[in-house]
Amino acid sequence: MAKITLDKLSHSYDPNPSGPDDYALKEIDLDWVDGGAYALLGPSGCGKSTLLNIISGLLTPSDGRVLFDGKDVTDLPPDQRNIAQVFQFPVIYDTMSVYDNLAFPLRNRGVDAARVDKRVMEIATMLELEDQLKTRASNLTPDNKQKISMGRGLVRDDVNVVMFDEPLTVIDPAQKWKLRSKLKELHQKIAVTMIYVTHDQTEALTFADQVVVMQDGIIVQIGTPVELFERPRHTFVGHFIGSPGMNVLPCEVSGGLATFGGHPVELEGRISKVGQKTEIGIRPEYVRLTDSGIPAVVRKAADIGRHTVVEVIAGKSSINAIIDGPPPEAGTQVHLSFDPSQTRVYSDGWIATEVAS
Amino acid sequence: MSLELRNVTKRVGADTHIHATSLTLEMGVFNILLGATSAGKSTLIKLMAGLEKPTTGEVWVDGQNVTGVSPQKRQISLVHQFFVNYPNMTVFENIASPLRVAGVAKSEIAGRVEEAANILQLAPMLKRFPDELSGGQQQRTALARAIVKESKAIFLDEPLANLDYKLREELREQLPELLAGRGTVVVYATSEPTEALLLGGKTALVHEGRVTQFGPTTEIYHSPTNIHSAMVFSDPPINQAPVTKRGSEMHLGSQLSWNVTGEAAGLADGEYTVGIRPHHVTPTPPKEASVAFTGTVQITELSGSESVAHLMLGDLRWVSTASGVHPYELGKDHTFHMIPGQCLYFSPDGSLAARGADHG
Numbered sequence: 001m002a003k004i005t006l007d008k009l010s011h012s013y014d015p016n017p018s019g020p021d022d023y024a025l026k027e028i029d030l031d032w033v034d035g036g037a038y039a040l041l042g043p044s045g046c047g048k049s050t051l052l053n054i055i056s057g058l059l060t061p062s063d064g065r066v067l068f069d070g071k072d073v074t075d076l077p078p079d080q081r082n083i084a085q086v087f088q089f090p091v092i093y094d095t096m097s098v099y100d101n102l103a104f105p106l107r108n109r110g111v112d113a114a115r116v117d118k119r120v121m122e123i124a125t126m127l128e129l130e131d132q133l134k135t136r137a138s139n140l141t142p143d144n145k146q147k148i149s150m151g152r153g154l155v156r157d158d159v160n161v162v163m164f165d166e167p168l169t170v171i172d173p174a175q176k177w178k179l180r181s182k183l184k185e186l187h188q189k190i191a192v193t194m195i196y197v198t199h200d201q202t203e204a205l206t207f208a209d210q211v212v213v214m215q216d217g218i219i220v221q222i223g224t225p226v227e228l229f230e231r232p233r234h235t236f237v238g239h240f241i242g243s244p245g246m247n248v249l250p251c252e253v254s255g256g257l258a259t260f261g262g263h264p265v266e267l268e269g270r271i272s273k274v275g276q277k278t279e280i281g282i283r284p285e286y287v288r289l290t291d292s293g294i295p296a297v298v299r300k301a302a303d304i305g306r307h308t309v310v311e312v313i314a315g316k317s318s319i320n321a322i323i324d325g326p327p328p329e330a331g332t333q334v335h336l337s338f339d340p341s342q343t344r345v346y347s348d349g350w351i352a353t354e355v356a357s
Numbered sequence: 001m002s003l004e005l006r007n008v009t010k011r012v013g014a015d016t017h018i019h020a021t022s023l024t025l026e027m028g029v030f031n032i033l034l035g036a037t038s039a040g041k042s043t044l045i046k047l048m049a050g051l052e053k054p055t056t057g058e059v060w061v062d063g064q065n066v067t068g069v070s071p072q073k074r075q076i077s078l079v080h081q082f083f084v085n086y087p088n089m090t091v092f093e094n095i096a097s098p099l100r101v102a103g104v105a106k107s108e109i110a111g112r113v114e115e116a117a118n119i120l121q122l123a124p125m126l127k128r129f130p131d132e133l134s135g136g137q138q139q140r141t142a143l144a145r146a147i148v149k150e151s152k153a154i155f156l157d158e159p160l161a162n163l164d165y166k167l168r169e170e171l172r173e174q175l176p177e178l179l180a181g182r183g184t185v186v187v188y189a190t191s192e193p194t195e196a197l198l199l200g201g202k203t204a205l206v207h208e209g210r211v212t213q214f215g216p217t218t219e220i221y222h223s224p225t226n227i228h229s230a231m232v233f234s235d236p237p238i239n240q241a242p243v244t245k246r247g248s249e250m251h252l253g254s255q256l257s258w259n260v261t262g263e264a265a266g267l268a269d270g271e272y273t274v275g276i277r278p279h280h281v282t283p284t285p286p287k288e289a290s291v292a293f294t295g296t297v298q299i300t301e302l303s304g305s306e307s308v309a310h311l312m313l314g315d316l317r318w319v320s321t322a323s324g325v326h327p328y329e330l331g332k333d334h335t336f337h338m339i340p341g342q343c344l345y346f347s348p349d350g351s352l353a354a355r356g357a358d359h360g
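Those protein sequences? They're chains A and B, same order as listed.
Residues in the first sequence are numbered from 1 upward in steps of one, following the numbering used here.
Residues in the second sequence are numbered from 1 upward in steps of one, following the numbering used here.
Because the hints were derived from the structure by calculation, they are not lab data.
Take the hints with a grain of salt, since some may be wrong.
Only part of the chain B face toward chain A is listed, based on derived beta-carbon distances under 10 Å [said to hold, decoys possible]:
(1) T37
(2) S134
(3) G135
(4) K166
(5) L167
(6) S191
(7) T217
(8) T218
(9) S234
(10) L302
(11) S305
(12) V308
(13) H310
(14) V319
(15) V325
In this text, a Cβ means the ideal position worked out from N, Cα and C, and glycines have one as well.
All chains should be modelled from the sequences, with the hints used to inform the complete structure.
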């Protein structure tokens, strides 16, 4: 187990990069504490897989260093980094039993039989695979195969880090729940540093203590799930996290006041900077349908069980609101009010209001 | 236009993949097949599309028995989970291919391709090849191919499953509007309950080769007629427990009892299974009447807007979901509140016996 440091890391697949656009990763600085559960979250092409490959040693970065517990490992090949990886598709030996599959990474390192047995039994118990230890891996369901892949990733207790690359992609939603909780439980029991790469916000937020959100090769925000939800630093984070994501609405700023479609909008606090493009960010959870306020027309509404998602049109903007109670009819005239403590201005994408003290 | 399964079964060797199923799907509504992987959704689609032949029973489209008719002759479109495009053709040619196969006049093709491309926002990409497109654009190309020709039915078999989360959200928004008013029967298979609710329309719940319930999506979410439907249509899974009704009280082991409410007040004394959705088990007292109990918190998950707790109630593992952030201590006892008015009570045979809510 180790603390992982990424020091001024950048990478271009182009041998002669001519500008920032040629970089898949732009200067990344990051410290991951020993024993934490981390997620790398972002859409396809954001650089998260590149970053993962650099940490595992499959890729050497163009610039910068990777440190495990302060020791520079940038030039070490994967097999000398002492890491475990779990991939999107199960990697197991079909002809071996579940037991032998779990034992493999330990036997491979010459661990003595008694210790192998102890670890395999511990991991099998945690994953609820005790009854299937003698089963041939080829006879397992896809989710049990993936459980074994996870077990193989977790069986060694001397690794620096366990990395998961979209491990639940092939799993059924009902099973996803179980495996996700299992993984979380395992992390709480064995406290090894884990890095989980995904494009799925739910997986990232439920697994990780701290989430790194990436876009276009940069880190746009690092925070706890609550921080990312409550106060997105960038409109991208607000949009990407949450379902539906944060409403991002064009606004005018003058004299320290923000207006949307001519209506004054009360904010969480003072506007600290004004760039070329100013927008208001407000999550659907904090938009209310009221009798007075910004006029809007209901476009559609969906009862999704726990609550209702309403899409309204105000001026040229589409705005989502999450409400309790029955869905209003399409075409209904409504008024919107925004919870001021959750309403912010973003300037050129970045947060530009300060929390009132 | 309608598509009808009449007493269709599908057996392969000794295995029954589809038990006798009758189902009528109409055009003008979004028809959803919701069920876990390998529940039988894809088999149902293959039977409807003619890619598989039913062992017994008939398939009717537009008032005609098409049971033995090949898929090519059925005028249908199919979109799979994995984007299937011709890698050596441009987006234009990919979209045009079904028209060329159908022998549509050359003069008409360009206009129809452009129309489909516009709807799916592919107009700027018509000259590109599939490998120059993002995953979402590739799947939109597959969708454009499905809508470019006139079909009696369009089958979408988990078409968004392999897309990025946000893209999925976007296309899910657009699909119902895109396919509305095209004069075809739309059938959409998914394994995600929330996706079904967001798509609306009508849903058929599929469980182990059977359609357990069919009706307007929100209606069957709120009123499952059996425990399988309740299980299929709940994410996270619905909490369950064996309970005993004695007089006006419902007993869950020795830990918990409550006064029966609503329809359930009329139930005969005896053994039932209670089902209650995770958001009706809350860490703070809800507005509705509730009973408090103590659960040991095993795992917590924070998804930003929501707190999820996995808790042990005796030997039972339940899940609670609530808006906002709730501080739980792992391994510690916490008080939870369960809403009897939201309970569903099932008979030993799995059918819904009564709800904790009133009629209607």
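**Prompt:** Going through the earlier hints one by one, which of them does the structure break, listed in rising order?
**Reply:** No hint contradicted; all consistent.
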